[in-house]
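Sequences listed follow chains A and B, in order. Residue numbering for the first sequence follows UniProt numbering, starting at 1 and increasing by one per position. Residue numbering for the second sequence follows UniProt numbering, starting at 1 and increasing by one per position.
Please keep in mind that the hints were generated in silico from the structure rather than gathered at the bench. You may find that some hints are simply not true.
[What the hints assert, rightly or not] Each computed DSSO-like pair below joins lysine-lysine, with the alpha-carbon atoms no more than 27 Å apart: (1) B:Lys-78 <-> A:Lys-197; (2) B:Lys-147 <-> A:Lys-193; (3) A:Lys-193 <-> B:Lys-78; (4) B:Lys-197 <-> B:Lys-582; (5) A:Lys-197 <-> B:Lys-92; (6) A:Lys-193 <-> B:Lys-410; (7) B:Lys-197 <-> A:Lys-78; (8) A:Lys-77 <-> B:Lys-193; (9) A:Lys-77 <-> B:Lys-197; (10) B:Lys-197 <-> A:Lys-193; (11) B:Lys-202 <-> A:Lys-202; (12) B:Lys-197 <-> B:Lys-410; (13) B:Lys-312 <-> B:Lys-72; (14) A:Lys-87 <-> A:Lys-347; (15) A:Lys-147 <-> B:Lys-193; (16) A:Lys-78 <-> B:Lys-193; (17) B:Lys-193 <-> A:Lys-123.
Keep in mind that this is a model prediction, so the values were computed, not measured.
There are 2 protein chains.
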Amino acid sequence: MRGLSILAAACTLSCAAAQTFQRLGGCPDLGCVFPPDQADFLPGQFFDIRLEVHSPVNGSEARVGVPDSDFKFTITKKGSHSISAAKYFKIKEPELERWNFTWYEDLFAQDANQPSLVNVTAKAYRRVALYEPGEYEATLTYYGHEKTVANWHVRDLPTKRRAKNVVLFVGDGMTTNMITAARLMAHRSINGKYMTKMALDKFPILGHQMTHSMDSFITDSANSATALYSGHKTTVNALNVYVDSSEDPFDDPKFENIAEVFRRRYPDGGVGIVSTAFLADATPAGLAAHTSDRGEYDHVISAYYEGLKDYKWTKWNGPDVLLGAGAENFLTSEDSPRDYYNLFSEKGYNVAWNNTALHNAPNDEKLLGVFQTSNLETWLDRNVYQGNLVNQSNYPDGSGRDADDLPGLKDMTLKAIDVLHERHGDDGFFLMSEAASIDKQMHTLDYDRSLGELLELDDTVRATIEKLKSLGELEDTLIIVTADHGHGFDVTGSVDTDYMDAQEDDRSKRNAVGYYHNSGLSQYTVGGPKSLRYSEGVHFPARWDPRYTLHAGVVAFPDHRENYQVHSEGPRTPAIAAKDKKNGYYVNYKDAVTGFLINGTLPVSADQGVHSLTDVPVFAQGPCQELFGGVYNSIDIFFNMAECLGLAETKGKGHSGH
Amino acid sequence: MRGLSILAAACTLSCAAAQTFQRLGGCPDLGCVFPPDQADFLPGQFFDIRLEVHSPVNGSEARVGVPDSDFKFTITKKGSHSISAAKYFKIKEPELERWNFTWYEDLFAQDANQPSLVNVTAKAYRRVALYEPGEYEATLTYYGHEKTVANWHVRDLPTKRRAKNVVLFVGDGMTTNMITAARLMAHRSINGKYMTKMALDKFPILGHQMTHSMDSFITDSANSATALYSGHKTTVNALNVYVDSSEDPFDDPKFENIAEVFRRRYPDGGVGIVSTAFLADATPAGLAAHTSDRGEYDHVISAYYEGLKDYKWTKWNGPDVLLGAGAENFLTSEDSPRDYYNLFSEKGYNVAWNNTALHNAPNDEKLLGVFQTSNLETWLDRNVYQGNLVNQSNYPDGSGRDADDLPGLKDMTLKAIDVLHERHGDDGFFLMSEAASIDKQMHTLDYDRSLGELLELDDTVRATIEKLKSLGELEDTLIIVTADHGHGFDVTGSVDTDYMDAQEDDRSKRNAVGYYHNSGLSQYTVGGPKSLRYSEGVHFPARWDPRYTLHAGVVAFPDHRENYQVHSEGPRTPAIAAKDKKNGYYVNYKDAVTGFLINGTLPVSADQGVHSLTDVPVFAQGPCQELFGGVYNSIDIFFNMAECLGLAETKGKGHSGH
């Protein structure tokens, strides 16, 4: 058995070195405990426990034998003695499960098609909770004397509720750099002094949150939504579960999110979900779904509708308001035989398919608004280049008509507040509102559209504050504006687009770029005779097509061409697939044709940009605002909101949540 | 005369469109007032006024005639009546000056070598001040009835001093994105939870400041240092002056910086300047020099030594401590016949040329430390790849020996505090400490070296807090850590360098990049047998050359090659000049040879990256820390420091500073 111990110790190194792929994230040893080491919990928060013991058959960790079927698992609050988990939580010992899986140790192994096979024994303890704040040790003992210890921290939070309402705005993918660029485009300045302020710039409290995953330093929006809503960091693509090594996307160990805890603690509290994405997308889904695969769209919509069917879990009657796009996931299809419009309607929801119906819906009833298929058209297309809205066949009833009466983020958010206030004026509400296409348009390097979405978010925040004031709710509402991750975007100067268009070769075109003093002043705030105008006001550019545009970019990209001009003909497609798809993506020959080519820095299989590492900003005002200053982990957003809503439950029924 | 008025109005548009080049920044009309419209002032702050009237001879603004030699200039505090400036400030009417200058209206005009000629009449009012807080109107009347109005704002600040000392750390070019990357490289985490914190992450207050120039949205370090130190935004390359159109780099209108005001108000207060750059460089120079051209290095060193000779100005006896590099500007040369070492020595400074001498210098005497020629060698070279320090011929005495006993930012900063505390324990001090090569190494795309400097800054901040605590000064010291501008840097994943090295073509090499869950965990914190080690501690990476490195980049760059590996052989040179220099820069064929080529997005004349737009972070602790939360202009850093030091002087001798 000593041999095994050395093997396990060696694994810590070799597994860590296996970077591009990992045997199982959060499990560098052969014994896995989820929630993993260093997990934080809200007192009383429901969670599942998953244990696995791995027996690698081949590869660098290969061992002789089968996975331990007699592993032990104990829980200790620091200072007490160990108790078996079943006894601790007063539940029946779960049954042993067995499976196997394969993985590649690195890119060489993948190229050579040499997977490593791992046999697994496992158990799951479902829906337990820890009520008493403090430090816990969860210990898995396997292969005799091997131990994997998970240190768990149940946070000691005040239980007094300080905020009646919480409004959480998520600017998906939004960074400080993007806010700076959006400000430059939309707000006039004289000699370096802005004459107007963004709504975000008026917030009294600024913080930074770290967005990295549990097992990788770049996150996706599922993983990061999970962190913001539940206080648990997990793996890319996972929603409110830790990811185990089984194939089933629904058996992974779950934990409660803030919507579930809020509704459980305050049955008369309201919940609202608003997004400019398709509603099955990760950021809205994170308030309902529990799955290791964010691509399980039907699960997401069914979780909005009826909560979890497969497991006993928090009673959840769905959100009061659910507004966004992605009609295809509500309509019947091969993947989903149910007509969710009918089901929601039968459950008492009004269903709105356009902006007029949204505005006319009664505020005292539940409301489902699905305004088109796919993601909501961007602010730029809805407000400036409206010609791009035709022939989209995107009406939410699936009829193939065009959606021609679309709301924006502001319409949806203000309506959500009206409904939540009308229905839950006494008990308060939790509302999440997402500007999704800041991220989506940044992915496709369509910086103008992305920043238009950011400015729409800013305008929505401004209008929300006014609305809450007019309802008399502002003082009682914690408002947070943050992001779930970044993109490596910035602006480095200006481009004389006339000059670039007039040059014939790529190197000459680059000389159209002006930097430092030659960057000059923003021309987006200056209206001109040939310009398209949306507004001469302070919140959006006066024109999107000035001669001198922003020299903007991201730090990692596919092959693409740049002429630094607004894509007036519709959202951008920077790269297209080679004839033989194995050869990956090349520059889209139809895109930015007057510009110069930039070869990619991402794998050739990438047709768009990717998320980045940067800490993202947090703006806060209202009760508990002081909790949001300085630098902290993304999970602290959850714990701060939970503290402010008084969600910690330190006196449970014994150890278990049953 | 009405015709002229319409011409001037049209100019507002056409001049604004002249973006890459401007006739004169801050002067869209034909009449120019500096300080310009929207300028802010500390009550009692000395400043010069420059007036110009332009008469463009050709180009889009061409007019018949000569520039007005009979223009009028009046000052009004809002609510009072106008008085001529000479009367207002009780000074003699200055003499009329005349000159002309040329500029290009755009890149086409430059290519065609068709400059626009402008004849100028001008005046300068020297060393005046406004004491009474409030709104002022400064009006230039020219060509009969043309008017250029500058609205000036003298801030109403409390005059009570709240901080004894201010320590201002400037991480040159440092962004939130870089802090996030440095944290990932140097601090260990388990399952998404960092086990240690950066010093910056512990600050109670976080803010963002906007770094743009007065007349362009991308700044350089001179302009931005000026904003931070004086409360006035100006033009790229300018130090503590607004830039007029005359050729003379020393006649531009000046304004007092914080070192000057502090020393004038508290003659027994101490001033310290520390930088890892050459000491004539912009960020240290901004505490002494007044010139439109940061390249006037001899002016900078003489301003440290004796203040301004050409103009009556604030009495300034030089800093108590001046530590950094750039020995060439202290030695006699063609440009500078004076031996500044001797001059400083004669003035009572101890002169230190190496780390030993720095440490041994008495704390009760003034100290000049110049440790090598050029910029200080980077932290990475001084601590990890020390072989790069030989054959540099950089000893500060100009002997051609190697500088082999170099201090770091921490050594210099702690010594500066010792001297300032010993000499000014009663009256307090102002210390600026700059981590200059965060910027310099980011320019050359040497991300490892840049982040090494950032980690050294963080370590210096940590040690400074400890030092101030041990001296009993921490409670009385406002500590600010910020930047002067950004670079568009971020991290988007990891690179399997073994795999990249093994691939033969550029597109295959790109497949070595792992993003999202394939980014994995930071390998820089894990020591290994083949790794170079600096420290197993929490403040620096355990190794700089792991197999899995960061996939990092900037948003704008020259032609270069990337293999994402540390440049162990010395600081990086990404691009080199073509044989015919007119053809610009191409990828350096000796750099990152195992990587793939990325064609540039900057003009081919650029051999390195450039500054970016992003707001930069501000970390604050100590007295007045609450002033530094939220989002604000870079100039507010000056006003907040000035408020905290009680520098506002609201009761002056009449209107004038004389």
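Hints, one by one, checked against the model:
Distance hint between Lys-78 (chain B) and Lys-197 (chain A) is fulfilled; the C-alpha atoms sit about 24 Å from each other, no more than 27 Å. At most 27 Å may separate the alpha-carbon atoms for a hinted pair to count; Lys-147 (chain B) and Lys-193 (chain A) meet this at roughly 21 Å. Our distance criterion of 27 Å between C-alpha atoms is met by Lys-193 (chain A) and Lys-78 (chain B), whose separation comes to about 20 Å. With a C-alpha separation of about 49 Å, the suggested pairing of Lys-197 (chain B) with Lys-582 (chain B) is violated against the 27 Å cut-off.
For the suggested pair Lys-197 (chain A) and Lys-92 (chain B), the alpha carbons sit about 41 Å apart, so the restraint of at most 27 Å is broken. Proposed proximity of Lys-193 (chain A) and Lys-410 (chain B) is contradicted: the alpha carbons are some 35 Å apart, above 27 Å. Annotation: proposed proximity of Lys-197 (chain B) to Lys-78 (chain A) holds, straight-line Cα distance about 24 Å (limit 27 Å). For the hint linking Lys-77 (chain A) to Lys-193 (chain B), the alpha-carbon distance of about 20 Å falls within 27 Å, and the restraint holds.
Between the alpha carbons of Lys-77 (chain A) and Lys-197 (chain B) the distance comes to roughly 26 Å, so the proposed pair stays at or under 27 Å and holds. This hinted pair does not check out: Lys-197 (chain B) and Lys-193 (chain A) have alpha carbons roughly 35 Å apart, beyond 27 Å. The suggested pairing of Lys-202 (chain B) with Lys-202 (chain A) holds, with an alpha-carbon distance near 24 Å, which does not exceed 27 Å. Our distance criterion of 27 Å between C-alpha atoms is met by Lys-197 (chain B) and Lys-410 (chain B), whose separation comes to about 18 Å.
Taking the CA atoms of Lys-312 (chain B) and Lys-72 (chain B), the gap is about 25 Å. The hint holds against a cut of 27 Å. Of the pairs offered as hints, the one joining Lys-87 (chain A) and Lys-347 (chain A) is violated, with about 40 Å between alpha carbons and a cut-off of 27 Å exceeded. For the suggested pair Lys-147 (chain A) and Lys-193 (chain B), the alpha carbons sit about 21 Å apart, so the restraint of at most 27 Å is met. A hinted pair counts as satisfied when its Cα atoms are at most 27 Å apart, and Lys-78 (chain A) with Lys-193 (chain B) qualifies at roughly 20 Å.
Restraint check for Lys-193 (chain B) and Lys-123 (chain A): the C-alpha separation of about 25 Å stays at or below 27 Å, so the hint holds.
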